[in-house]
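Asks: Sequence:
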Amino acid sequence: MTAGLPTSVLVRFAHASVQAVADRVGADVLHIKGVSVDPSANPGRPAGTDADVLVRPAHVRRLMRGLVDHDWLLWCDFDEGSLFEHAASLHHDSYGMLDVHQNFPGFHHDPARAFEALWQSRVARDIGGVTCPAPGLLGEHLLLLLHAARSPGKTLDVDNHWTRLSPAERDEVRLLADHLGAGVGLALAIGEEGRVRHSSELALWHLMRDNSDRLGEWRARWRNAHGVVPRVRLLVRATRVNRFDLGQRLGRPPTRADVRRDWWRRARAGGLSVLRMGRPQSRKSS
Numbered sequence: 036m037t038a039g040l041p042t043s044v045l046v047r048f049a050h051a052s053v054q055a056v057a058d059r060v061g062a063d064v065l066h067i068k069g070v071s072v073d074p075s076a077n078p079g080r081p082a083g084t085d086a087d088v089l090v091r092p093a094h095v096r097r098l099m100r101g102l103v104d105h106d107w108l109l110w111c112d113f114d115e116g117s118l119f120e121h122a123a124s125l126h127h128d129s130y131g132m133l134d135v136h137q138n139f140p141g142f143h144h145d146p147a148r149a150f151e152a153l154w155q156s157r158v159a160r161d162i163g164g165v166t167c168p169a170p171g172l173l174g175e176h177l178l179l180l181l182h183a184a185r186s187p188g189k190t191l192d193v194d195n196h197w198t199r200l201s202p203a204e205r206d207e208v209r210l211l212a213d214h215l216g217a218g219v220g221l222a223l224a225i226g227e228e229g230r231v232r233h234s235s236e237l238a239l240w241h242l243m244r245d246n247s248d249r250l251g252e253w254r255a256r257w258r259n260a261h262g263v264v265p266r267v268r269l270l271v272r273a274t275r276v277n278r279f280d281l282g283q284r285l286g287r288p289p290t291r292a293d294v295r296r297d298w299w300r301r302a303r304a305g306g307l308s309v310l311r312m313g314r315p316q317s318r319k320s321s
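When we follow the working numbering, the leftmost residue of the sequence shown carries the number 36, and every step to the right adds one.
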């Protein structure tokens with residue numbers, strides 16, 4: 036029985052559950068953030084309220100099938116989440132929430148290469164009594180800095196994983212970021228936005244960080260979707276309801292009727308936004 040246990044214990048059980056499923060289905064996963072991070076590199080950081088894993092891209096579907104077969108309920112699939120479609124959210128009645136990352140924002144251009152680089156330097160951590168692979172210290176620094184780049188208020192992560200590092204350690208983080216194409220996210224995290232101001236990714240990072248302009252978000256996605264197939268896929272996505280966000284608002288898993296109602300709400304809101312864009316701006320009288 037897990038009822039009444041502290042959240043920090045349940046999160047560890049969630050990590051252990053995921054690893055047991057991964058071992059059973061033959062999926063490579065790295066346990067990231069929260070309780071999986073080396074405590075000596077993360078002073079003052081609370082454990083968090085959910086579990087996060089990064090899965091080898093080629094193993095995503097086998098892991099997701101295995102999790103659902105072991106009583107994890109899918110709340111939000113990959114294409115319903117962030118601008119980078121990086122994570123799916125699941126819930127377990129005993130262990131709480133889990134985010135399964137098929138890539139990590141900042142590594143999105145070549146997720147398989149990024150995973151392999153982190154996998155090669157992995158370390159073993161005991162989480163919930165189960166041996167779980169986690170990124171090595173250098174990978175942890177970079178992952179948490181990339182997370183800080185899209186999460187306002189994560190100054191503690193920047194302090195722990197950049198400010199406290201020696202110049203040589205910072206150089207190593209920069210080299211890893213450059214090797215994995217994560218330079219834009221790193222620059223944003225450490226206050227060097229001017230260095231990447233001409234990047235086409237910058238608008239996406241700003242929108243994800245600020246979470247304030249939904250129409251601008253879709254415009255930025257359109258500009259960064261190259262080719263007919265990605266743009267058609269994006270148009271289809273624009274009409275979909277994020278079931279996880281809807282469930283958070285409702286306080287329960289949404290029904291099909293809930294999803295239909297929210298689809299119409301989104302469609303109306305999107306139409307009004309487009310109409311407002313087409314209206315000329317009225318001038319204020321002097």
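These are calculated hints, taken from the structure and not from any lab test. It is possible that some hints are incorrect.
Using C-beta positions, here's what the derived DEER-type ranges look like [unchecked claim]:
{"#": "1", "residue 1": "43", "residue 2": "187", "range": "17 to 27 angstroms"}
{"#": "2", "residue 1": "298", "residue 2": "129", "range": "25 to 35 angstroms"}
{"#": "3", "residue 1": "106", "residue 2": "237", "range": "34 to 44 angstroms"}
{"#": "4", "residue 1": "145", "residue 2": "229", "range": "37 to 47 angstroms"}
Just so it is clear, CB atoms sit at the ideal spot from N, CA and C, and this is done for glycine as well.
Asks: Just to be sure I understand the hint, the distance between the Cβ atoms of residue 43 and residue 187 should be within 17 to 27 angstroms; is that true here?
Replies: holds (24 angstroms)
Asks: Assuming the hint says 37 to 47 angstroms, is it satisfied by the Cβ distance from residue 145 to residue 229 or not?
Replies: Cβ of residue 145 to Cβ of residue 229: about 25 angstroms, so the range 37 to 47 angstroms is violated.
Asks: Using the C-beta atoms of residue 106 and residue 237, is the stated range 34 to 44 angstroms upheld?
Replies: With Cβ atoms ~41 angstroms apart, the hint holds.
Asks: State, for the Cβ atoms of residue 298 and residue 129, whether the hinted interval 25 to 35 angstroms holds or is violated.
Replies: Holds, at about 32 angstroms.
When each numbered hint is compared with the structure, a violation occurs for hint 4 only.
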